[in-house]
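This is what each chain is made of:
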Amino acid sequence: MIEPHPSQPRVDGEPVFDAPWQARTFAMAVHLHEAGLFTWGEWSERLARQIAARERLRPIAGSDDYYRVWQDTLEALVAERAGT
Amino acid sequence: MREHDHEHGHPHHSVPAGDIERRVSSLEALLLEKGLVDAHAMDRLVDTYTNRVGPGNGARVVARAWTDPDYKARLMEDATGAIREMGYTGRQGEHMVVVENTEAVHNIVVCTLCSCYPWPVLGLPPAWYKSSEYRARAVSEPRAVLAEFGVDLDPGVEIRVWDSTAEIRYLVLPRRPGDTEHLSDGELAVLVHRDAMIGTALVEAP
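Quick note, the sequences are listed as chains A and B, same order. Under my numbering, the letters of the first sequence match residues 9 to 92, in that order. Under my numbering, the letters of the second sequence match residues 7 to 212, in that order.
Careful, some of the hints might be misleading.
Stated by the list, open to error - DMTMM-like mimics (lysine to aspartate or glutamate), calculated; alpha carbons at most 20 Å apart, straight line: (1) B:40 / A:72; (2) B:78 / B:106; (3) B:40 / A:88; (4) B:78 / B:91.
Claimed, not checked - If you want the ones that stay clear, here's a sample from chain B, every Cβ over 10 Å from chain A, calculated: (5) 66; (6) 75; (7) 83; (8) 86; (9) 94; (10) 159; (11) 162; (12) 181; (13) 188; (14) 189; (15) 211.
Calculated from the structure, these hints are not laboratory results. We put the CB at the ideal spot given by N, CA and C, even for glycine.
Pulled out of the complex, with its shape left as it was, chain A reads as follows (with noise of 0.2 Å):
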């Protein structure tokens, strides 16, 4: 079962971040793209590739599991471009 919205308001009430850190590297993404680091589509697709592999061994549930992806994607992306 999908759990839409768990009560009311269902809508605008939910934070956007579960916690601090997925606000971050969220931002840092963003940032790294304005900076010209990566384009937004080599961007969705290097996270699209990771949500696969991440999903041959169990599903995103939420928000949690989905920004430990992006981090990972981040993670990723950065050592290869910025030689870190």
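Given chain A's structure and the hints, the job is docking chain B onto it.
Relative to chain A, chain B alone:
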């Protein structure tokens, strides 16, 4: 952090939350040190997406489309331009397409591969939009998914599923509820919730 996770009933199989926090903050420290990110720009981004951009923008677009036929025509013809006209521009809204619900057709939006979503009009996606389950089932059994969201469509209504990509983002133009002729754009916008613009809810009269 482990206790925190357990309270919420989803333990993380092998990765305690502390690890991810450390990974994120060390990456940020490294990028700051290398001058690849700027701390103020990071803070502004977090503030923008936490507090400033959200589905209220999309709701105003929908309300105007309901009340202004010329605007609706422009929105259907060139959604990116018509949305820009309202002042909503920016990341992940560069190529927008609006799909209209009618008596005969109901539209629902998903991103099967990741989580592409029209940020300028809806903000960042809700948790369920990113879940493996929604991304798979919105395509394989949209009618059942809609029923779980409380949307029971007449069997004769065609469901169209739109797969967002990094290039194209979709916004659903929901049907205007009856008995709302007396309402202003502002009053109508209040009725338009996020899920209705993803296609997983209908707009109800007040």
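Do the hints match the structure? See the list:
| no. | hint | verdict |
| --- | --- | --- |
| 1 | B:40 / A:72 | violated (28 Å) |
| 2 | B:78 / B:106 | holds (10 Å) |
| 3 | B:40 / A:88 | holds (15 Å) |
| 4 | B:78 / B:91 | holds (12 Å) |
| 5 | 66 | holds (13 Å) |
| 6 | 75 | holds (27 Å) |
| 7 | 83 | holds (25 Å) |
| 8 | 86 | holds (15 Å) |
| 9 | 94 | holds (16 Å) |
| 10 | 159 | holds (16 Å) |
| 11 | 162 | holds (24 Å) |
| 12 | 181 | holds (17 Å) |
| 13 | 188 | holds (23 Å) |
| 14 | 189 | holds (18 Å) |
| 15 | 211 | holds (16 Å) |
The structure is inconsistent with hint 1 alone, although it conforms to all the rest.
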